[in-house]
Each structure stands twice: as structure tokens, then as C-alpha cells.
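Q: Here's the letter readout for the chains.
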Amino acid sequence: MIEVKDLSYAYPGTDNQVLKKISFDVRPGEFLLVMGRSGSGKSTLARALCRLVPDFYGGHMSGQVLYQGRDLREWEAQSLSASIAMLFQEAGQQIIYNQVERDIAFGLENLGMEPSLMKRRVAEAMDFFDLGSIRHKNPVELSGGELRRVALAGVLVMQPRVLILDEPSSQLDPLAAEEMLNWLKKLNAEMGTTIILVEQRLDRAFPMADRVLLLEEGRLVFDGAPSRQPVWAKKDAYPLIPTVSYIMSDLEASDLPLTVKEGREMIRRRIDQAIIWPPDEISGPEPASHILPGGGEWPEAPFIHALKDPRPSRKANQPLLAIRGLRYTYSRQSNLIEDLSIRIDSGESVVVLGANGAGKSTLLRLISGILQPTRGSIKINHGGINRTERLSQCAYLPQSVEDFFLRDTVMEEIRLSIGSKPGDPSYWMECMGLTGLASTDPRKLSVGEKQRVALACLLASDRQLLLLDEPTTGVDIEWRGMISDCLRQACLEQGKTILTVTHDMEFASETASRVVFLHAGEIISDSPVSDAFADNLFYTSQAVRLFRGFDDSVYKPSQARTFMARLIKQED
Amino acid sequence: MYGKYHPRSSLIFLLVLFLLALLYQDHVLLLAMLIGLALLNLAIDRARAWLRMLVYALPFALLILIINVIVNQQGPLWWDYSFHGMHLTIHAQALWYGTAMILRLLNVFSIFTVFNLVLSVEEIMEVFSSRQGTAIITAVITARMMPELGRRVQGIREIQMIRCEDARGGGLLERCRRAGMLVINILRAALNGAWKTGEAMQSRGYGAAPLRSTYRQHRWRKTDNWLVLNSLLALLLAVLFNWWQAGTQYSVLLGGVVPLILLGIVGLSIPLFSICIVNIQRSQSIDRG
Numbered sequence: 098m099i100e101v102k103d104l105s106y107a108y109p110g111t112d113n114q115v116l117k118k119i120s121f122d123v124r125p126g127e128f129l130l131v132m133g134r135s136g137s138g139k140s141t142l143a144r145a146l147c148r149l150v151p152d153f154y155g156g157h158m159s160g161q162v163l164y165q166g167r168d169l170r171e172w173e174a175q176s177l178s179a180s181i182a183m184l185f186q187e188a189g190q191q192i193i194y195n196q197v198e199r200d201i202a203f204g205l206e207n208l209g210m211e212p213s214l215m216k217r218r219v220a221e222a223m224d225f226f227d228l229g230s231i232r233h234k235n236p237v238e239l240s241g242g243e244l245r246r247v248a249l250a251g252v253l254v255m256q257p258r259v260l261i262l263d264e265p266s267s268q269l270d271p272l273a274a275e276e277m278l279n280w281l282k283k284l285n286a287e288m289g290t291t292i293i294l295v296e297q298r299l300d301r302a303f304p305m306a307d308r309v310l311l312l313e314e315g316r317l318v319f320d321g322a323p324s325r326q327p328v329w330a331k332k333d334a335y336p337l338i339p340t341v342s343y344i345m346s347d348l349e350a351s352d353l354p355l356t357v358k359e360g361r362e363m364i365r366r367r368i369d370q371a372i373i374w375p376p377d378e379i380s381g382p383e384p385a386s387h388i389l390p391g392g393g394e395w396p397e398a399p400f401i402h403a404l405k406d407p408r409p410s411r412k413a414n415q416p417l418l419a420i421r422g423l424r425y426t427y428s429r430q431s432n433l434i435e436d437l438s439i440r441i442d443s444g445e446s447v448v449v450l451g452a453n454g455a456g457k458s459t460l461l462r463l464i465s466g467i468l469q470p471t472r473g474s475i476k477i478n479h480g481g482i483n484r485t486e487r488l489s490q491c492a493y494l495p496q497s498v499e500d501f502f503l504r505d506t507v508m509e510e511i512r513l514s515i516g517s518k519p520g521d522p523s524y525w526m527e528c529m530g531l532t533g534l535a536s537t538d539p540r541k542l543s544v545g546e547k548q549r550v551a552l553a554c555l556l557a558s559d560r561q562l563l564l565l566d567e568p569t570t571g572v573d574i575e576w577r578g579m580i581s582d583c584l585r586q587a588c589l590e591q592g593k594t595i596l597t598v599t600h601d602m603e604f605a606s607e608t609a610s611r612v613v614f615l616h617a618g619e620i621i622s623d624s625p626v627s628d629a630f631a632d633n634l635f636y637t638s639q640a641v642r643l644f645r646g647f648d649d650s651v652y653k654p655s656q657a658r659t660f661m662a663r664l665i666k667q668e669d
Numbered sequence: 008m009y010g011k012y013h014p015r016s017s018l019i020f021l022l023v024l025f026l027l028a029l030l031y032q033d034h035v036l037l038l039a040m041l042i043g044l045a046l047l048n049l050a051i052d053r054a055r056a057w058l059r060m061l062v063y064a065l066p067f068a069l070l071i072l073i074i075n076v077i078v079n080q081q082g083p084l085w086w087d088y089s090f091h092g093m094h095l096t097i098h099a100q101a102l103w104y105g106t107a108m109i110l111r112l113l114n115v116f117s118i119f120t121v122f123n124l125v126l127s128v129e130e131i132m133e134v135f136s137s138r139q140g141t142a143i144i145t146a147v148i149t150a151r152m153m154p155e156l157g158r159r160v161q162g163i164r165e166i167q168m169i170r171c172e173d174a175r176g177g178g179l180l181e182r183c184r185r186a187g188m189l190v191i192n193i194l195r196a197a198l199n200g201a202w203k204t205g206e207a208m209q210s211r212g213y214g215a216a217p218l219r220s221t222y223r224q225h226r227w228r229k230t231d232n233w234l235v236l237n238s239l240l241a242l243l244l245a246v247l248f249n250w251w252q253a254g255t256q257y258s259v260l261l262g263g264v265v266p267l268i269l270l271g272i273v274g275l276s277i278p279l280f281s282i283c284i285v286n287i288q289r290s291q292s293i294d295r296g
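As they're listed, the protein sequences go chains W and Z. FYI, in this note's numbering the residues of the first sequence are 98 to 669. FYI, in this note's numbering the residues of the second sequence are 8 to 296.
Any given hint might turn out to be false.
Here chain W is said to cover these stretches of chain Z; the calculated rule only asks that three of the stretch's residues, wherever they fall, bring their Cβ under 8 Å from a Cβ of chain W [said to hold, decoys possible]: (1) 83–91; (2) 190–204.
Here are the simulated lysine-lysine pairs, DSS-like style, with alpha carbons at most 30 Å apart [unchecked claim]: (3) Z:Lys229 <-> W:Lys234; (4) W:Lys118 <-> Z:Lys203; (5) Z:Lys229 <-> W:Lys283; (6) Z:Lys203 <-> W:Lys541.
Residues from chain Z that keep clear of chain W, each with C-beta distances beyond 12 Å, as calculated [what the hints assert, rightly or not]: (7) Leu18; (8) Ala142; (9) Ile144; (10) Gly178; (11) Tyr222; (12) Asn237; (13) Leu243.
Source of the hints: derived by calculation from the structure; they are not laboratory data. Virtual Cβ for every residue (Gly too), placed ideally from N, Cα, C.
Next comes chain Z alone, as it looks inside the complex:
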């Protein structure tokens, strides 16, 4: 849940975060954003989902860096090494772009982690309530049925294990036969689950009225106005900064050549995130309490 925020404002906030992750070119800003998102993940679920995401994202990030190093030969030479006739060079620009891409990738993944944690399918449905149709209901039911099917698959595997039909034992042919039986049983379970859900939906009047209405669980509050305003302001500043920074190869913040006033404006975008984050954390703790 997203504390006291309306799903619509939460969705705007996450969308702005996503755009900022794409707009920011500067390492300092990207890093600051990553730290902010890490804190947000920490506040929501003790960063469990975020750490799981890192396990998959970090090898991918390393691959990006390697490709950059191999392909990008621009900028000053940073490191040069020869080994048995093989010549390996690393240029500063490769490292610079590579690390920026990694930070951006991690930011985008972190935003998706937050998105998964704070917005349920039903809440997204509430946002698009005016356009609610079969597709949205299908998405909601799929979201419910996937974990249910996962549990059924686990149940069937357990029974296979204990009734000596474990798909992992025996020769190749035997394993294939058992795996086939597992798949058939999973399909049966899925069909059975779908049938029961359909029956429950019909008994609860699905399809009875010509038009469905949507339950509005959340109210739009003042805090939602602030969240949307902060998010849009941050986006505006980022766009301005991006325009000003255009053509600069490396971080203007690290280079020390930035006029003080611009640094201040750009810096503003970070506290804006902090405000949002603190607000979310507070509302989370209220919810838990």
C-alpha cells in the first residue's frame, strides 16, 4: 500500500521518477536518485524485493560495462595493458558512459520494484476506472491466479515427490514421462482453478449488469496535490538542467565549473525527492502502526 496517497498521485510520482532516471545524465544525480530509491525500498519492505532484484540486475550491469569498455574507444586513455600480444585499452568515456548506464538501469529496476510493492492491480484499476473493461478484470484475475497457480504447482510437485513421481529422479526417458505428467496435472489444476473462479464470479453477479461500476477506495487529499506538484517541479528542473548540460561530456557537478545558482536549482530536485520519500515513509509507518 502507498500509505495515504491516492493511487493516481502515486502513479504520477513513479512515472516522474522513471522519466528522471532517463533524463539525468550526471553521475551525482543518478547516484543520489539510487540512494533515494534504496531508502524508499528499505522503508517499504526492508529492501527485500530490492535485494532480490539486485541479484539479477548486477550481472546484467557488469555486462553493460564490459560492452562499453570493449566498444567505446573515445576520450582520454585511462588504462592500457598488453598481454602476449593482446592489447587492452580502457578509455575514460567508456567508463563514464558505462557507469552512468548502470546507475540508470539500477534506478529503473528500483522504480519497478517500488511500483510492484506499492500499487496493486486493483489500485491501477481504480486509476483507470473510467475505462474499465474486460481487459482490466482479466488483469486483476490473472494477478490473483498466478500466485494461486504457483501454490498449486508446488502442491502437485510435493505430492509427486512423496508418491515417488519426482520429476528429478530416474533416467532421461523416465524423467521426461514424469515431467509430462507434471505438466498435465498443472494444466488440470489451472483449468480447475479457472472454472472455480468463473463460478464464483458468476455467483457474485459478474456480467449481471450492463455496466460495471468501480469501487473508489481512496480519496484525493491535499498531500496528493503536494506529491504531484513536487514531482512535476522536479521534472521541470531536470528538463532545464538537461538542456543546460547538453553538450557537456562529463559531470558538470564534479568539474566544479557550474555557476552556483544552477547548482542550487539542480540541487533542489534532490530535496524534493527526499520530501516525497519522507512523506511515504511516514505514511507507511502510520499504516503499520
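With the rest of the complex left out, here is chain W:
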């Protein structure tokens, strides 16, 4: 259906090729997963497949993209728009009109479709995606999951034969992400739509895919069945594999499972054969978290040693943040935050979980001083501090990282965060793998790279309280692990206190010491990470899903992997 031949592409004003001699084909009705590190060219490839590159972006392209045997450039825009559709990373970006129903019809209007047929198609799309109750709403009033559904309905109403999606589940809570991928599965299985999915969250996407493409610095380095990818990764010590495969990576390469179901079956078999159960020292010292399949190791983040600051760290159990009776009301309607009280000690790393719209981001904005509470008190460092003081005590990473940048280059951004204090921006750039990007405009980087620049800024500042809103959006698994290590070290060595809002359960399990679950503006549970994950069904890690019933104390991938390694060793 689609044939890509020796595709190379460079954005305007640069000779640096983002895509390098890529060749592959896509068969009709296939579910293709495109994966790779941040900045490896995945989004550019997605845009090239629907002719946005080079039509909209310009730049220099060589090679060919054929759709149904004809070069994409030869296709009439009208036919092409009706055949190949794309869903962008930010769903809000896709929405043009101020009303759901009208926005769904936008694409059909552009094709010049007859009104009666248009009406039928829009009604059908709204019924399929269950949008009837929100058809008159303004998209800005919708939750993340609803917005994704509207954007998806808006492209599917054109009945494309190929649907390209760029990280559609990023920024969605686990339930909404699950729902989104289920829609794709349904479309692929029941309607025969060809799906090309660019995704960083591999755990859910892997089992759905028929084939996996792996990009590395603009080159296609793997093209094959999902079951073959972990085998290939093990051989080449490549870090991007699904969590279940990572946990089981001490097994023979041919045995590596992809799903929780396969993984559990494997554990059950191993336990039946085990001589001693549970394996010795399973709750012993913390294992190294980034040992690669095949025995290789991820490079240890250089900053981990350097973070061992000569300053004496703060005493543990000293409250850094104390919130009492916090309430925040928006537009005199309902309370976004309702009678919330919490205490966070110095050096703690607390993760806030909850559905989209539960009030998580609002909580961070209240603590940072950006918003003023309607009622209640927020104290940082014992003091009953006012808003201005709060603003100067916290470092805050917003959900929309686009708004974070105030300067023209990465170097200047980090320098701004260091301020007048002694500090070397290049050191923090090295820490976050940004060395070659010192003079680059941070706005021009990929989403994952932007997150790393913002995190480097936060860590370079001398603020004691770090508030992070979705720090792993667009970040690949490799850097997710490194960021997690880095944040843990910042707590341990520098006594920083971290409050993170995330939908990334693997990241939460590795980073947090405590998990707070927020529902409709209220804290409904506040417990150590192991307890919180053990009790949850959806808001939990793959490790818990794998080991539930076998060993309920296992909750993070690194821990689960050591558990498996010991089990296998004992058997040997």
C-alpha cells in the first residue's frame, strides 16, 4: 500500500539529515508501530508519509514515498487527504472549530462534500466514538481523553485508508490511553484501516502491532515482527524494549515475552521448577536499574556522581511542604481542589496519580504560587509564606513544556536558572545529553529533548522543592530511566524534595517513595509506593501486574528484573 524507497530528508536551512535512506513498505490493513529514541526522526517520518514533509515544511527530500504505486507528490491533494490522515501528538492542535460537531465536519467541508452526505458521516462518527453528549461543547472544555476522541473522529470521518498517529496516548491517564489504543485496535480489526502508530509507551502498543520499525538517528535499524524486536535488542544491547521483556531479559532471547499474560505464564512455569521459593535475598540490596538485556549496561548518567554535593544534605523527616485545608474554586462553580491536606518531608519524592481533570496540575500550580488558594494554607520550610515567597522557593516544570523557555539557546536557558550563583551550564547539558545542542533554540527540539532541557534547568537551580508536571512526556524509555535515577539522587544527595504528577506508572514506580492518589480534587489515598501499586488495578506498574499473586512486594521493573534473574540463576 505504501512503499518508502531510500527516503532522506533535511529541514530547511540545515544539511543535517533527519531521515537517512529509509526503505520499507506497509501492507494494507497492517498495524505498524514506529519506535525510537527522542529525536530519532519518528515524527518527521510520520509527516513524510502524509506529504506534510516537504509540502508544508519545505526542506530537501530525496527518495520516494509511493502510495498505491504512485509517488505521493503526484497525488491530487483532495484524494490524498481523503486517503491518508494524520493525528498529531497534541490533540488540541488538530482542532480547528470551537464546537465538537462542527470540527468533526471540517475535513469533509474541505473535500467539498455534499451537505446531506456530510451530515450522515458526521452523525455516524459521533455515534461510533460516543460523542453525542458533547457535540455542542467547545473543545477547550473537554478532558484529554475526550479531546483525543474528537480529533480521531475528525480524521476518521474522512474514511481514510491509512491512519498515522504521532504518540496519541502521551499526556493521557492510563484509562484514557487504554481506551485510545482500544479504538485503534477496533479500527484496524473491524474496519481494515491501516494504522501507523508512532509511540514511546511500548507496553500497550507492542502486543497490538503486526510489525515494528525502529529508527535510530534517522536510520531504520529494525524492521520486523514485535516478537523479534526484544531478541534483536538483546543481541545489540539496545535499551528500548517493552517493560515485560526487560524484566525477563535474563531468559533465553527466543523466550522473551511481550505481554503480561505471556510473562505470568513464564513466571508460573519457573516457580513450579524452582527449588527454593521465594528466591534468596529478593528483598536484599537495590539492584542496578539499567542492566541491558545481554549483559550490557546503559551508560550511567554522569550527573549521578557529580550530584554528590559537598553541602550537607537536609535532615530526613523534616517537613518541607505542609498543606492544610486547601481549597481552590474556579469560576464559582465546583471546587477543583477540596479540603486537601498533605505533608511532604525534605528529601522525599512523592508522585501524584489520578485521572485527567482530577486537579493534579492545579495542585502543583497552587503550591508553586502561580494560583492563589480560595482557602487553606501552604507552608514551605515551616514558614507561613505568601505567594511571592512561594514563587521563589519552587522550581516548576509545566505540563506544556513549550511555555517553559524564555531564552534563545539551551545554554542561555540553563544559565538563567543558575542565575548569579556559581555553576557551569555545560555540566548540566552533559548530564542531560544536550552537549551538542548548546546553541540550539530549545523550541526547535523534539518534545523529549525539550523535557530534558527543562529538567536540566530545574536541577541547575538552587530551589529545594521541584514540582514536575508530566516530566516524561515524549521521553524514551532510556532517558526515562536516567531521569528517574537523577531525581532520586537529587533527593538523596542534595536533599531536594520532588512532587511529580505523572501518568507514567513505570517512571512513578522507580522514582517515588510515596504515592498520592487524587480523585475529583480530593486525596483518596496516600501510601508508600509499594502499597499503592499493589492495590491498584489500572494505576499500577507492569511489574505489579506480572508478579501479582507470586510476590506482592515487587512493584518496580528493576526490582522485578532482579527477582527474575535470581529465579533463573537458582534454576540453573
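Add chain Z to chain W, keeping to what the hints say.
A: Frame of chain W; chain Z shown alone:
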């Protein structure tokens, strides 16, 4: 949303209201209209937008009254006051015209508030669908991008505040420098937003076909006929009343000199509005339900 009414009938209704606000000279009618519009605003959004409008409109209305009092010296003397040689007089006609102007102004502002609340740019686009061109699409995108840009500006200001670049702190020179950075960042955000919207539009086939069609969301119903008929009848009565009242300086209704039949005809226009208002309220509540 305007309940079950077609945007075209809603637009005619609002246009007639606007013309009536300009035609009516009589305080009783203008006041009745203002009460009707207040009720309508109450029904649509609990009068939140209307109250916000009043905050800006009332000082403006007071200014109109003061100018009338100072400038207009016609009609019987109503109030006379001397203070240290300064002589202040207020004539009845000044008060009369001043208050009528204030009521008219508030009516016009109230109509615009209703207009903003009940008709989206897309619905207006549907009304003028036969003439839809780049200008209408530009208006729709602008309507979408303005609040989006507002959110981005807020986001950038928040980040400036927390990264110690608050435009409100420091000396004059420092504040100017920071404000300059804010403006540059806002422009960057606007450019970025425009770029993304353009990309999304192209990916959704904008400009692909030689002629765009328009999605017809609303159907013309019997209720739309009634709304248009009522509105036009009210306009006709108002024109007639205006013609009959021509040359009268003060309210004929308050003066008690109006023949009963004319009072009845004029009075009809008020129930007509009420019918429209009740209909709108009903359809609103159905929508909410």
C-alpha cells in the same frame, strides 16, 4: 447555543431587537426591553456576562447623563442650585433624554452580550454559507486562536514569574527589558500556534478541493417561522408607534393621554418579546437537560 432555533432566525431576532432598541423613544418600552434582555441573559448564563458588561457600561452611562445635564438646557427647570457663585441647573428634558439614552445604551450592550453567548462564529458562518470564503475561515480561526493565545500568554507569564522574570518586579529599565522579553515570547508562541494550526488544516485537507462546502448543523423548523414572524411583527408595531409618537416630547404612556387602542397595540410588542424569551428559555433548559 440557541436551543432549537436556527442561527438564521436567531440572527433575525437579535437584529430586530437591535433595531427596536434604536427605534423606541419611550422610557417604559426601553425599560421593559431591558428587563426582558436581563431575563434572557439570566436564562442563558445566569447573567454572568451581562453583569460583567454592566461594570463597564454603567460608568459610561453616567458620563452620558452628566453631559446631557450640562449641555441640554431645554424644557422646564427641574432643579436649581447655587454654590459660591456657581449656578447649576438641571432641566427636565436633559434628564429625560439622558435616561432614555442610558436605557438604549444598556439595551444595545445587552443585545451584544446575548449575541456573543448564543451565536458562535461557526453558526454565523452557516448563515452566510453561500458566501463562505477565506475571510469567514479566518474569522473562525481567529475566534479559536484568541483564547488559545490568551492561555499561552498566561502560561508564559506564569513561567516568567516562577523563573524570576516577573515583568512587575525591579526598576523601570529592568521592567522594560522583562516586558520586552515577554512580548517576544508571546510573539513566538503566537507564531508557533499559527504554524501548528496551519499544519493541522493542511493535514485535514484545507485547500485540497477547489470549492469548500459547509456543514449544515441546524434545520429550519416551525418554531423558527414563529420567531421570525413575531420579531417582524414587533418591528412593524414599533415603527407604527414611533410614527404616531413623533413630535411628542415625553412619554405618552406616562402622560395618560394615549387612546386605549394604541396602548393595546404598543403593549402587544412587549408580550411578543416575552413569547420569544420564554421560548428561548425553554429550549435552553431542554438543551441543558
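Q: Run every hint past the structure and note whether it holds.
A: Consistency of the hints with the structure:
1. Requiring three or more residues with a Cβ within less than 8 Å of a Cβ of chain W, the coverage given for the segment 83–91 of chain Z is violated, as only 0 such residues are present.
2. Remark: the segment 190–204 of chain Z is confirmed as covered by chain W, as 6 of its residues place a Cβ nearer than 8 Å to a Cβ of that chain, reaching the required three.
3. With a CA separation close to 25 Å, the supplied pair lysine 229 of chain Z and lysine 234 of chain W stays within the 30 Å bound.
4. A threshold of 30 Å between alpha carbons decides the hint, and for lysine 118 of chain W with lysine 203 of chain Z the separation of about 27 Å falls inside it, so the pair holds.
5. Under the criterion of a C-alpha separation no larger than 30 Å, the hint pairing lysine 229 of chain Z with lysine 283 of chain W is inconsistent with the structure, at around 41 Å.
6. About 13 Å separates the Cα atoms of lysine 203 of chain Z and lysine 541 of chain W, which keeps this hinted pair within 30 Å; it holds.
7. Separation of leucine 18 of chain Z from chain W is adequate, the least Cβ-Cβ distance of about 17 Å exceeding the 12 Å criterion.
8. For alanine 142 of chain Z, the requirement that its beta carbon stay farther than 12 Å from each beta carbon of chain W is met, with the minimum near 15 Å.
9. Remark: the non-interface label on isoleucine 144 of chain Z conflicts with the geometry, its nearest Cβ contact in chain W lying 9 Å away (cut-off 12 Å).
10. The non-interface label for glycine 178 of chain Z is consistent with chain W: the shortest C-beta to C-beta separation is roughly 17 Å, beyond 12 Å.
11. For tyrosine 222 of chain Z, the shortest C-beta to C-beta distance to chain W comes to about 4 Å, within the 12 Å cut-off, and the non-interface label is violated.
12. Every Cβ of chain W is farther than 12 Å from the Cβ of asparagine 237 of chain Z; the closest lies at roughly 25 Å, confirming the non-interface assignment.
13. For leucine 243 of chain Z, the requirement that its beta carbon stay farther than 12 Å from each beta carbon of chain W is met, with the minimum near 34 Å.
In this structure, the hints that do not hold are numbers 1, 5, 9, 11, in rising order.
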